[in-house]
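Listed below are the residues making up each chain.
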Amino acid sequence: MNERIKPKNSVMALYLVPIYLVYLCVFILPVILAIYFSFFNFRTVSSKTFVGLFNYKKLFTDPLLLSSLKNNLYLVLVCMIGQIGIAFVFANMLYSRLINPKVSNFFRTVIYFPVTLSAVIIGYVWTMIYDYHFGLLNQLLISFGFPDAVKAWLTDERSIMTVVSIPMIWQYVGFHLVIIMAAMTSIDKEVYEMAEIDGASGFRKAVSITFPLIKNTLSVCVLLCVSANMKAFDHILAMTNGGPGYSSSVLALYAYKISFAENNLGYGNTVSVAIMVVMVIIIAGAKGIMSLFKSKE
Amino acid sequence: MSEHVKSINSVSKKRHNNAERPIVKLFARILLYAIPGIYAITCIFPIVWLFYTSFRTKTQFSKNVLALPEYLYLENFKYVFTELNVGRYLFNSARITFFVLVLVLLFSFINGYFISRFRFRFRNILYATYMCNLFIPIHAVLVPTYILIVKVGLQDKWYSIILPIVCMELTTATFLVQSYIATVPPQLEEAAAIDGSSFTRTLFTIILPTAKPILVTIGIITFFHCWNEFAYSLIAYQNEKNFTISLALMRFKGEYFTDYPRIMATIFVCIMPALILYSLFSQQIIKGMMAGAIKG
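So the protein lines, in turn, are chains A and B. Just so we're aligned: 268 in the numbering used here is position 5 of the first sequence, and the numbers increase by one with no gaps anywhere. Just so we're aligned: 287 in the numbering used here is position 174 of the second sequence, and the numbers increase by one with no gaps anywhere.
There could be a bad hint or two in this list.
[What the hints assert, rightly or not] Straight line, CA to CA, 20 Å or less: simulated SDA-like cross-link-like pairs of lysine to any residue: (1) A:Lys478 <-> A:Ser554; (2) A:Lys269 <-> B:Leu321; (3) A:Lys468 <-> B:Val137.
These aren't lab readings, by the way, just hints derived from the structure by calculation.
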């Protein structure tokens with residue numbers, strides 16, 4: 264292929280090898296090191312002792328690791344329903360011909376804006392919204408006449424994961440909205456017109472036309488949502504730092520806390536290895552399930 | 114004939130029963146504007162709240178958190194730029210972002226070009242190694258990366274997180290270039306070669322300009338990821354003078370979390386660059402970030 268313009272091997276190597284080496288040293292080497300370090304116990308960064316499978320024994324009996332994984336899975340589920348669900352509904356509303364396209368585009372632009380902000384800022388802003396004394400949420404509850412509902416949102420262990428997931432849903436609705444709307448523009452307008460002549464309602468159009476026709480795009484959204492929430496980290500660190508206790512801890516945050524707050528770098532590496540394994544399984548699994556759906560079509 | 118009329122009647126009747134009745138239509142229209150509209154307000158209101166509260170004092174704020182400022186109180190902003198030295202952190206983030214942008218564009222252009230145009234030995238291995246990035250989140254390599262950074266003496270060097278961020282972005286960017294180059298006809302290079310242009314010259318003076326649209330897209334994606342980057346700076350920097358804005362904000366949280374208007378002024382200043390860029394180029398940004406997300 265393209266043999267006539269293909270440069271000499273040495274020229275190609277000169278271009279590709281340096282970049283590849285950088286990538287190997289900076290990204291792949293830590294992956295290998297994580298596995299290697301997971302067999303050690305660190306006292307400081309530079310003094311470590313071999314402990315064999317000790318860390319792995321701990322890993323499989325660690326209730327906090329399991330609860331962190333559960334929190335990840337909870338986030339995946341809630342964000343999948345929240346982000347993609349809301350985005351799908353909004354996409355259908357904004358795509359309706361009853362709404363002025365300029366206004367609809369403006370709404371889309373505004374709703375997308377939080378996506379461009381950093382997770383730390385989102386976490387920060389929502390910490391203020393949830394604040395007990397000065398938070399917007401409690402102020403709104405009081406002014407709308409629900410003073411009983413006022414509480415310290417970020418310190419209640421039972422509801423913490425829901426409380427934490429709301430900002431994450433809120434931030435990324437715009438992201439999925441834009442993807443879904445782009446997929447909808449590729450649907451032939453005539454299909455909708457025909458349906459309207461037959462008297463289909465907006466709801467009916469969304470369920471019977473839009474949904475099946477953009478199934479592939481929706482599955483991309485689901486995949487993105489799964490991988491984003493399996494690596495949730497910044498938002499939660501900024502809002503609760505995994506607290507109270509470890510009740511809102513997620514895998515990445517747990518590895519971070521083990522390594523830096525508890526100074527246990529060896530076990531931190533073991534948890535990192537566990538994260539990699541879980542990620543590969545879950546993403547590969549999600550892709551497998553998606554492809555099953557696709558072939559059924 | 115009568116059958117024909119009947120069928121027309123039934124169609125119009127059907128229409129009449131559904132969304133076409135004026136009152137139903139009006140109601141539907143109100144909902145269509147109101148629901149996404151209210152949601153859009155929730156997206157922008159926190160920013161507006163941050164903005165005007167920045168001009169209030171702590172005591173005014175504790176009396177009523179939602180009220181507008183009574184007069185233009187500028188002490189918070191003065192504090193942000195003199196005491197907190199936010200300018201320094203903005204500069205740090207901008208400097209890192211600049212170098213990351215240059216390297217990601219260069220690296221991904223070269224990688225994407227070769228992978229797309231030629232079949233060569235090790236191509237599949239190359240491809241597979243770059244794919245790893247899509248499965249392994251950077252959060253899983255934070256701890257070993259930290260040890261590595263400390264071991265090679267890069268901790269608290271301002272440039273220490275540039276290459277990690279470059280590698281984080283490289284895979285998606287490479288794939289974007291790859292699929293773009295596939296649409297550029299190879300006759301372009303053939304003609305240039307016949308005219309006696311060397312390979313390197315063709316690559317940078319002929320192919321690079323044609324790839325401009327995709328490079329702009331990559332630039333947008335990389336800019337926002339890098340500007341908002343947090344995890345790597347968290348492990349790489351101990352010394353305050355190297356903090357990026359995200360990290361600095363995180364650290365302020367512990368120290369100054371009682372003075373809300375002041376914190377809000379800080380956050381607002383940190384949001385400003387993204388806000389200005391977004392209001393100027395929102396359509397391009399949305400398009401670019403979406404392309405990156407779907408390819409990645």
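How the hints compare with the structure:
1. A:Lys478 <-> A:Ser554: 11 Å, holds
2. A:Lys269 <-> B:Leu321: 17 Å, holds
3. A:Lys468 <-> B:Val137: 17 Å, holds
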